[in-house]
Amino acid sequence: MSDAAVAPASGAGQTQVSKINEAIIRIAGNSQDGIQAIGGFLARLAGRSEQEVMTFMTIPSTISGGPSIFQVRIGSGEVLSAGDEADMLLCFYQHSYEGHVNSLKLGGIVLYDSDHVTPKPEWQDNYRHVGVPISSLTVEAIGGTGRDKGKNLYSLGLLAKIYALDVVKLKRLIAERFGGKDPSVLNNANACFDAGHGHSLENLLKSYQFFTPEAKLGTQVVMNGNEAIAYGLIAAGVRFGAGYPITPWSDIMELLRKELPKYGGTFIQCEDEIASVSMALGGSWGGRVAVTGSSGPGISLKTEAIGWASMAEMPLVVIDVQRGGPSTGMPTNVEQSDLNIAAFGGHGDSPRVVLAPSSVEDCFYTAIEAVNIARKFGTPVFLLSDQGIASRIEAFPMPDLEKVCQDISPDLAAVADHKPYDLAATDGVTRHLAPGTRVASGKYPVVTGLEHDELGHPTGSPKMHLAMTAKRRTKLKKLASELPVPKIYGPSEGHVLLVGWGSSEGPIREAVDKARSLGEPFSSLHIKYINPLPNGLEEIFKGFHKIYVVELNDEGLYGYGQLGAVLRARFSDPRIQGITKVDGLTWKVKEILDRARALASRK
Amino acid sequence: MNPIAFPFATLPRTGTADTTPIPPLQDSDRKPLTKKDVSADHPTWCPGCGDFSVLALYFKLIERRRMHHEKITTVAGIGCSSRFPYFVQAHGVHFIHGRALPFASGVSLSRPDLQVCVFGGDGDAFSIGGNHFTHTARKNIKLTYVVMDNQVYGLTKNQTSPTSPVGYKSKTDAWGSGDRPINPVKQAIAAGATFVARTSHTNPNHVLEMMEKAMDHDGFAFIQCLSECVEFFPGAFDASNPRKGGKFETVAPEHDVTDEYAAYRLADTEWPGKFGVFYQKPRTTKNDYEAKIIADHQAKVVGLKPHQILQKNFDRMK
Numbered sequence: 005m006s007d008a009a010v011a012p013a014s015g016a017g018q019t020q021v022s023k024i025n026e027a028i029i030r031i032a033g034n035s036q037d038g039i040q041a042i043g044g045f046l047a048r049l050a051g052r053s054e055q056e057v058m059t060f061m062t063i064p065s066t067i068s069g070g071p072s073i074f075q076v077r078i079g080s081g082e083v084l085s086a087g088d089e090a091d092m093l094l095c096f097y098q099h100s101y102e103g104h105v106n107s108l109k110l111g112g113i114v115l116y117d118s119d120h121v122t123p124k125p126e127w128q129d130n131y132r133h134v135g136v137p138i139s140s141l142t143v144e145a146i147g148g149t150g151r152d153k154g155k156n157l158y159s160l161g162l163l164a165k166i167y168a169l170d171v172v173k174l175k176r177l178i179a180e181r182f183g184g185k186d187p188s189v190l191n192n193a194n195a196c197f198d199a200g201h202g203h204s205l206e207n208l209l210k211s212y213q214f215f216t217p218e219a220k221l222g223t224q225v226v227m228n229g230n231e232a233i234a235y236g237l238i239a240a241g242v243r244f245g246a247g248y249p250i251t252p253w254s255d256i257m258e259l260l261r262k263e264l265p266k267y268g269g270t271f272i273q274c275e276d277e278i279a280s281v282s283m284a285l286g287g288s289w290g291g292r293v294a295v296t297g298s299s300g301p302g303i304s305l306k307t308e309a310i311g312w313a314s315m316a317e318m319p320l321v322v323i324d325v326q327r328g329g330p331s332t333g334m335p336t337n338v339e340q341s342d343l344n345i346a347a348f349g350g351h352g353d354s355p356r357v358v359l360a361p362s363s364v365e366d367c368f369y370t371a372i373e374a375v376n377i378a379r380k381f382g383t384p385v386f387l388l389s390d391q392g393i394a395s396r397i398e399a400f401p402m403p404d405l406e407k408v409c410q411d412i413s414p415d416l417a418a419v420a421d422h423k424p425y426d427l428a429a430t431d432g433v434t435r436h437l438a439p440g441t442r443v444a445s446g447k448y449p450v451v452t453g454l455e456h457d458e459l460g461h462p463t464g465s466p467k468m469h470l471a472m473t474a475k476r477r478t479k480l481k482k483l484a485s486e487l488p489v490p491k492i493y494g495p496s497e498g499h500v501l502l503v504g505w506g507s508s509e510g511p512i513r514e515a516v517d518k519a520r521s522l523g524e525p526f527s528s529l530h531i532k533y534i535n536p537l538p539n540g541l542e543e544i545f546k547g548f549h550k551i552y553v554v555e556l557n558d559e560g561l562y563g564y565g566q567l568g569a570v571l572r573a574r575f576s577d578p579r580i581q582g583i584t585k586v587d588g589l590t591w592k593v594k595e596i597l598d599r600a601r602a603l604a605s606r607k
Numbered sequence: 312m313n314p315i316a317f318p319f320a321t322l323p324r325t326g327t328a329d330t331t332p333i334p335p336l337q338d339s340d341r342k343p344l345t346k347k348d349v350s351a352d353h354p355t356w357c358p359g360c361g362d363f364s365v366l367a368l369y370f371k372l373i374e375r376r377r378m379h380h381e382k383i384t385t386v387a388g389i390g391c392s393s394r395f396p397y398f399v400q401a402h403g404v405h406f407i408h409g410r411a412l413p414f415a416s417g418v419s420l421s422r423p424d425l426q427v428c429v430f431g432g433d434g435d436a437f438s439i440g441g442n443h444f445t446h447t448a449r450k451n452i453k454l455t456y457v458v459m460d461n462q463v464y465g466l467t468k469n470q471t472s473p474t475s476p477v478g479y480k481s482k483t484d485a486w487g488s489g490d491r492p493i494n495p496v497k498q499a500i501a502a503g504a505t506f507v508a509r510t511s512h513t514n515p516n517h518v519l520e521m522m523e524k525a526m527d528h529d530g531f532a533f534i535q536c537l538s539e540c541v542e543f544f545p546g547a548f549d550a551s552n553p554r555k556g557g558k559f560e561t562v563a564p565e566h567d568v569t570d571e572y573a574a575y576r577l578a579d580t581e582w583p584g585k586f587g588v589f590y591q592k593p594r595t596t597k598n599d600y601e602a603k604i605i606a607d608h609q610a611k612v613v614g615l616k617p618h619q620i621l622q623k624n625f626d627r628m629k
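Protein chains in written order, with my numbering: chain Y, 5 to 607; chain B, 312 to 629.
One should not assume that every hint holds.
When the alpha-carbon atoms are kept at most 27 Å apart in a straight line, the in silico DSS-like pairs for lysine-lysine are as follows [unchecked claim]:
hint, chain 1, residue 1, chain 2, residue 2
1, B, Lys-623, Y, Lys-173
2, B, Lys-597, Y, Lys-165
3, Y, Lys-262, B, Lys-597
No lab work stands behind these hints, which were simulated from the structure alone.
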C-alpha cells in the first residue's frame, strides 16, 4: 500500500487517514464463504469508480468446502497484475491465516476473525494483527438465525470502512445482487454490511483513501475473461455452438446457452467432446461460423475433428481455456501448456490458426477476430485462454457495441458455378457455399476429409495432394502477412527482451517497469498471434542480446517452453531461451525478474 | 487504435469459376430432378453390393418428392456405405468415422430449411459412433438416418462388426466371433428414437416405402437396411430373400407401432426377423424445443437490434 502522503489527523477522535495509490487485498477462507462475492463487489466498485482493478482467485476443484482465496488489486494508476505481495490479508480460519500470511508484504495487515483464528506470537513483529470477532458479530447483526452466512458482507463493511470506499455505490451493488430475491435476503445483506461498516476499530487501524484517479477511463465494464469471450462471440455474430461441461470452460457454454436464444441462436450441450466439435462443424457448414470449446483432456478428444476442419477447410472457433495437464492434471490451476496441441495437435499436416488474448478486454476483441479469421480463411481457429484469465475480473472501457457487433448471416444467393477447393484461387483462399445455395451448373460441392480434387471428390493423385497441401499452407502464410507486428513494451533496444503470451502480459510488463526503474535495460514483447506468427519478429529481436520466452509450461526435453521451442525452430536464434514454470500459479513479478537476471548472468 | 486487427468484411465468393449471382429460380420453373441430375461419381462399391440399391432408391425418392436440388444435404461418416455423398450430386459432407450424426445434428439444428439425410454402415452407427446414435435418438433431432447394415467391416477388408453374428469368421476372429451382436432396432427403441424401421436392399419397393415414411416423420427417423457385402459376407441375408429361398416377412398390419414394448418384442423375432415400421411415436423434436426457447427469449427483446440486447447486459456489468 504505497503510502504516498500521510495526512495529519483531521480532528480529535478521528482515525488517521493515509492517501494511497493502490491496495492489494487477499481474502482467504473456504469456498462456501462467499469470498468471491466480496472480491466481485470490490472489483465492480473499482470499475464504477474509474479505478483500475485486477483480481486473482483460486477455487478448489471440490464441489463444496476446501480453502479458497480471492485477491483483488485496486489502483488509481495502471494496474497490470493482481500483485505479488498483499497489503492486507483478511482471513477467516486458522488455516487461511497460516497458509497465506507469507503472501503479505512486511508490515502488512492481518485482519482476522478472532472467533476462529489465534494469532501466532512469532508473526506479531512482522505484520500488524487486527482481530475482529467477525463470525459472532455477523450472527448478532442478522439476529437469531444462528448462522454466519453473511460474514462476507460483514467483512466487506469492514473493508469499506478501512479503505473509505464509496458506501452509496457499494450498497447499490449489493441491492443489484440481492434485490431480485426475497426482500429479507437484501435486508440481511445490508444489516451485515452496516454492522461491519459501523464496527469501531478503536484506532487500531488508520484508514486509507485512494487518490482520485484521473478521469480518463470513461464508462467501464467489469467482467471476467470467460464472460468476455462469450460476449465477444455473440458480438461477432456467432449464433450456434456445442460443448460438453469441463472446468474452466463450462462458464462460457453456460453463458452462451443462456444468452444466444435472445439473438435467435442456440447452444447445445452434447453427449461428449467429439459430438460437440462435430455438431459445431455441422453448424459452420450450415453457413455461419460456429463455436465449440473445452479445457484439458477435452481438447485432446476434439483433435481428430479439428484435423478434418483443416482438410475440409471449414471455419470453426475452438475455445481452449487451458488448465494444468496432462490428463486430468490440475483442473483449477493455471498453465499454458496447450500451445502445442492447439498449433500442432492431430495427425498429418493440418495447419490452423492459434490466437491468445492477454487480458479480459483482449478476450472480448480476440473472440471477434477469431470469428473473422475463420470466416475469411476457411480454417479452424483456436482461442487459447487460461485459468488465469478465465476467472480474473478486470474493468475495461465500455466497447462501442453498435460498431463492434457484426452480422455474419450466410449468403445463400444462387451462383452459376462453384469449386469448393479451387486451386487457382488467390493465395489459396477459398470459402464454401452454404447448403441451400443453388448452383446453376448443377455441380454441387462435397466437403470432405479425404484428399480431394477441386470439386471435393476423392483423389489419390500425388500431384493433387501436393497442390492441396500447398493450398492449405499458402492461405495461412497469406494470413501471416496480414497480421500486425506486435508492439514492443519499452525501448526497442536493450539487453533483455522478455517474450510472453496469454495471461502473463501484466506481470511481464511490471517486471520490465521494475527492471527499468533500477537501470536494467529490459523490454518485452507479447505475442497474440501464435500460429501463424506475424512476419517481422526478427527485426524486433535484433535490438536485444537476450530473448527470454516467459511461459507457464515445462522446459521440455531441450530446455524451452512451448512458444520458446516454436521461436527457436522458426528463427534458429541461439539468443532465444526459456523461462518456464509449472507450479499451477500465475507469475509473480519477482519470479520473472529473478529468473531473467539469473539467466542473463550466466555465461 | 482499432482493437480488432481483423475487422468484419463482406466476403465475396472465391475461386475462378463463374460465381456471378443469378436470379432465384421460381418453383414453377423447376423441373423434377432426374437420376441424371442427382448422380455424381460412379460408386466405388463392388459389383453386386447392396448399397447400389439404396443409392438408386434415394435418387428415386428425390425425384418423387420433387426436392429442390440445393436443399438436399447428404452427410456420412466413414465406411463403404459412407462414400454415399460423393455419388449424389448435391451439397454433401464426408465427415469422420462415427460422427456423421452429431455433424448432421448441427446442420439440422442451425438450418431447419434443409432436408438432412445421413447414410452409413453398422460400424459407423453402432461401434465407433454408438454413443452418438443413442443421444441423437434421445434428443429426437429432425433427420433421416439410413444404416446400411452388412454385418462386417468391408472397407478395411473383413473384420468383425458390432452386428456380426456369433460365430462369424473374420480376420479379427478367425475362430468365429464370440461377442453378442447389437440388435439395431432394439437399440434404437431403447435410445428413444421416434421412428424405427427395418428393410432390406433386396426389396426395392419396400426400401423406398420406408424412406418415404422416414422422410415424412417429424423427428429422428432410423432405418436399418440390410445391405449385403458380396465380397466378405456373401449370403448373409439369404434367409430374408425369397429369390434365394428365404422369406421376407413384413410387420403384421395389426402391430401397434406406438407400443414400445410390442415393438421391442417384435425386434426379437428369430432371424431374419420382420421388415417394416416397428415403432413410430411422435415426441417434441429438439428442433422444435430449441425453436420455442428462441421464440420465448426473443419475445422479451422485440424490436431490439443485437447490439442493443448486448448493451443491456453490459450496462448491468458497469
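Identify every previously stated hint that the structure contradicts and give their numbers, smallest first. Per hint list: single violation, 2.
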